[in-house]
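> Top line first, the protein sequences correspond to chains A and B.
Residue numbers for the first sequence follow the working numbering, so the first one is 1 and each next one is one higher.
Residue numbers for the second sequence follow the working numbering, so the first one is 305 and each next one is one higher.
All the given hints hold, so there is nothing to weed out.
Label pairs and their calculated CB-CB ranges:
# : chain 1 : residue 1 : chain 2 : residue 2 : range
1 : B       : ASN585    : A       : HIS21     : 21 to 27 Å
2 : A       : ASP72     : B       : ASP493    : 22 to 28 Å
3 : A       : THR261    : B       : GLU606    : 31 to 37 Å
4 : A       : ASP158    : B       : ASN373    : 42 to 48 Å
5 : B       : GLU342    : A       : LYS292    : 29 to 35 Å
6 : B       : ARG379    : A       : HIS190    : 27 to 33 Å
7 : B       : GLU342    : A       : PHE201    : 49 to 55 Å
Taking lysine-lysine and the DSS-like style, the derived pairs with C-alpha atoms no more than 25 Å apart in a straight line are:
#  : chain 1 : residue 1 : chain 2 : residue 2
8  : A       : LYS76     : B       : LYS380
9  : A       : LYS285    : B       : LYS335
10 : A       : LYS76     : B       : LYS482
11 : B       : LYS564    : A       : LYS178
12 : B       : LYS322    : B       : LYS350
13 : B       : LYS605    : B       : LYS527
Calculated directly from the structure, the hints in this document are not laboratory data.
Since this is a predicted model, take the numbers as computed values, not measurements.
The C-beta atom is built at its ideal place from N, Cα and C for all residues, glycine as well.
Protein chains: 2
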Amino acid sequence: MKSIKEKWIVTIHELQDKICHALEQCDGKSKFEENSWERFGGGGGKTRVISNGHVFEKGGVNTSVVYGNVSDIMRKELEIDGDKWFACGLSLVIHPENPFVPTVHCNYRMFELYNNKDEVTDRWFGGGTDLTPYYLIEEDAFHFHQTYKNVCDRFDPDLYPIFKKECDNYFVNEHRNKERRGIGGIFYDHQKPTESKDVDFWLNFSKSCGNALIKAYIPIVEKRKNALFTESHKHWQEIRRGRYVEFNLLHDRGTIFGLKTNGRTESILMSLPPTVRFEYNYQPKVGSEEEKLLQVCLQPKEWI
Amino acid sequence: MKSIKEKWIVTIHELQDKICHALEQCDGKSKFEENSWERFGGGGGKTRVISNGHVFEKGGVNTSVVYGNVSDIMRKELEIDGDKWFACGLSLVIHPENPFVPTVHCNYRMFELYNNKDEVTDRWFGGGTDLTPYYLIEEDAFHFHQTYKNVCDRFDPDLYPIFKKECDNYFVNEHRNKERRGIGGIFYDHQKPTESKDVDFWLNFSKSCGNALIKAYIPIVEKRKNALFTESHKHWQEIRRGRYVEFNLLHDRGTIFGLKTNGRTESILMSLPPTVRFEYNYQPKVGSEEEKLLQVCLQPKEWI
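The whole structure should be built from the sequences, with the hints applied where relevant.
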């Protein structure tokens, strides 16, 4: 019988294949290119990158299966107690060319800790999917949140409201008056097996959330990918992409921790948007579509 | 008689005027626009920004005079011991349009600490100027370093080699195999008055270094501002600007501390370049001019 770890490794690789296939179909031009890499200290990953597509200007769908001895920096920064660790996850960021197609990000991962007899002493799951539109199209926002609510509700109706809120509280540019990166989705971390929610519960929940990416995102892309846009729409997209960069490099725990602990830089930073603008004190016009998006980032909405 | 603090405040504002004037003359089209701001808790600043010039695509020359009570975060992160603090400095970043004109950055500041009787208990100076070319033109690199060596040597011939090395060791993208942001210059921090180098020494040294910006930078701009460039040169400039963003948001102590302690976000982030590109695993061609620049960032050179 397969261990939890082995089941999860299979899951994320199947997910990587499925998602890449769906995105390629939707793009119609570019294909993902794969770079396999090995980690000094144990494990490695498969980075798959798409660029200059009809639809997707830049994107990555990465998996990694890594392990090693618990280091001082992990003990300190992650407050981890144990001798060896194992982590395995899928991480995705897609930056479309068209400003009416939102950027999407997801990450689903599990973590295990072992004592010096190689026995599992701790185990948790984390993950989430969040949407970053450049223009707020309410039916798209609703569809995205509804899809994830449906997945959560199949497991436990209490989950969506909690994980929706955690998402709103995580993707925050604190230095910009708590402006959110986008319109959220779901986010959960350190979910350890309990009596009512055992390890299979979290494995299956994470798997279902990962699978739902296609249903949550592709229909939005299909609806908007041929929308006409002007230079001014593109300009605004690049301004907002600047906020994406600020969040990822200043606040995102995964990015900062990965870079500090000798993660593979190019795989971690594939999340950064392809073209970006930083203008001094740029403010959208009051009452404009750009300002409407900004407002919903400043005050997250209950979509359902 | 003016206090040290008052002398320094006059110095940085004269410097701000002089530098802005010289840059406007050199640009020939755009003028700096000034935003004055006040800091919640004490003091404020004058942010001067230039954009869309003939020569300068985006730039800021900022001064700030700020003070307050020593907070817990300052005690912890800056290891500061005292009741009140005062800081005053000039900070400049200039991003030219033409990829053959380097970006320049400088920062000159002083810091004072007081006990609960408002007596000065500690005081130090810090500063530096560094150059970030997109193409390595050796005579420009030499001119820049020679100018700062000359200034240093007038004060003490030991200073340039030390501060040149500190600069090479500060502007480092640790997550990119210790790639430097550019070709350096000088950098010094926490310079406290000693018997041989009193407070006037450091004030005059900082003033002279600040003044030297014009002599170190403007001749390079004049020589290169009309150089012909192609889309491919611009592309490389935007890739390198991406490294500038990475350094400033991931590693620069001033930026991160400023944003964490409620500094004025727009003034701090005026340092970010106007247009930027992030491409997955971009590598310049072996033997190209782009690779030559990269190599000198990986292995800093002794210019003099």
